[in-house]
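Starting from the structure of chain A, add chain B where the hints point.
Next come the chains, spelled out residue by residue.
2 protein chains.
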Amino acid sequence: MPYELYYWPEIQGRGEFVRLALEEAGADYVDVARREDGGLAALLRLLDGEEVERPPFAPPFLRAGRHLIGQTANILLFLGHRLGLAPADEDGRLWAHQLQLTIADLVQEAHDSHHPVSANYYYEEQKAEAKRRAADFLSQRVPKFLGYFERVLARNAAGDRHLVGADLTYPDLSLFQVVAGLRYAYPRAMRRIEAGVPRVVALHNRVAARPRIAAYLRSDRRIAFNDEGIFRHYAELDEDA
Amino acid sequence: MPYELYYWPEIQGRGEFVRLALEEAGADYVDVARREDGGLAALLRLLDGEEVERPPFAPPFLRAGRHLIGQTANILLFLGHRLGLAPADEDGRLWAHQLQLTIADLVQEAHDSHHPVSANYYYEEQKAEAKRRAADFLSQRVPKFLGYFERVLARNAAGDRHLVGADLTYPDLSLFQVVAGLRYAYPRAMRRIEAGVPRVVALHNRVAARPRIAAYLRSDRRIAFNDEGIFRHYAELDEDA
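Protein sequence lines, in the order shown, are assigned to chains A and B. Oh and the first sequence: position 82 is 81 in numbering that gives the first Met the number 0, straight run, nothing missing. Oh and the second sequence: position 122 is 121 in numbering that gives the first Met the number 0, straight run, nothing missing.
Only chain A is shown next, with the shape it has when bound in the complex (with noise of 0.2 Å):
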């Protein structure tokens, strides 16, 4: 039985770390809410009905037979022995699970580097509060974020090829996403930026280059970036050239 994704689909957003898992790991998949007959409805019945007893709070969601879970991490902490991607020891797991809660962290302050007051309000009902918190996240937050990743990439007794360990893991996969993520929201400051971090940079590409990510992302199945997602290109927000 293959799993069922349950995400918004017209967006990467947080089901993007998911399906990169499931792409990754050549799993069996549907990306559910993307079907045309009736996928987003099924979304939303799973979501807001009254029958399920442990409803998710927001998509993204998985079933995986009689599983039903939430929570992005929370996905990838299931996911990830079942799937190849994450080591067999308790200890390499929590430290796995630690970055994918840290970049979790990075992945809703850069939701909020556009939209500081509110979800519920149109970007442009906050642009000066935006270019406020924009600053501070490219300046102050960014850098601080990426270079945690670097860090722990030199310190890894195993090499810097990967964040945990010998082998990829699925925080490697999702640290991945948000450099391509944030490269298309800022690239001038990203420029900057990247320069102090290559072994992230460098991991990104490896990533990139792999053989079944590199297919997927080619395929229609990877959405576009786009400025309804989490990582949104407003170009005054970014850094001057």
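A few of these clues could be false.
In this list, chains with the same sequence are indistinguishable; a pair is considered to hold if it fits within one copy or across any two.
Claimed, not checked - When the alpha-carbon atoms are kept at most 25 Å apart in a straight line, the in silico SDA-like pairs for lysine to any residue are as follows: (1) Lys-126 - Ser-138; (2) Lys-130 - Asp-104; (3) Lys-143 - Gln-107; (4) Lys-130 - His-114; (5) Lys-143 - Trp-7.
If you are wondering where the hints come from, they were derived from the structure by calculation, not from laboratory data. Quick caveat, the model's predicted, so the values are computed rather than measured.
Leaving out everything else, chain B in the frame of chain A:
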């Protein structure tokens, strides 16, 4: 060997979610940074020191023998079954963790309600932005989150006394803390909101009355709420009476 909790010594903050689990379980633990003989220096050494192979991004983190674990929800994932505060089965453990991650999202939004631009600026430097964000937080977000937990309690097949199954688990303790914190920060708004979530309020009250939690709350191990933490009382951000 006692558990070693590392967290900023003068606030409840995110460390409090771990403290509550340790206290409820009667676990042997040291709140390291509150020790006057170099506790804070020990925290900073693990945070910034170059010898840590798997460094945390930020406090809280926990040392348990050879384990060093960061990210609040990840610490609770590690401690949950060891302290008897998580279900034994995989589905139950993932569900408890999913709820904890949703609580973590609410906690982040509670913080950002008074610091919507950046934690790097004083509140006074982002008061106008905070006013808008807090209004949205109290009118939309808190009711949405607490309404969600109300539904989870109502739908629990084992009864509405706990979030997960028939027994106390760590997300129950964390939900208590969120209600306590929101009451401190936004007492007027919470009077309105609590009227719509009676099960959440009853859970808060039951947790507060548990013998070990009640003893902890009376002790000097419980740091008082204050305006350096996540939950801050700025009367001008609260709703009108």
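Okay, the hints, checked on the actual structure:
1. Lys-126 - Ser-138: The answer is both: 18 Å in one copy and 21 Å across copies each meet 25 Å.
2. Lys-130 - Asp-104: both (20 Å within a copy, 23 Å between copies)
3. Lys-143 - Gln-107: So Lys-143 and Gln-107 pass the 25 Å test inside a copy (15 Å) and across (18 Å) alike.
4. Lys-130 - His-114: both (10 Å within a copy, 15 Å between copies)
5. Lys-143 - Trp-7: between (30 Å within a copy, 19 Å between copies)
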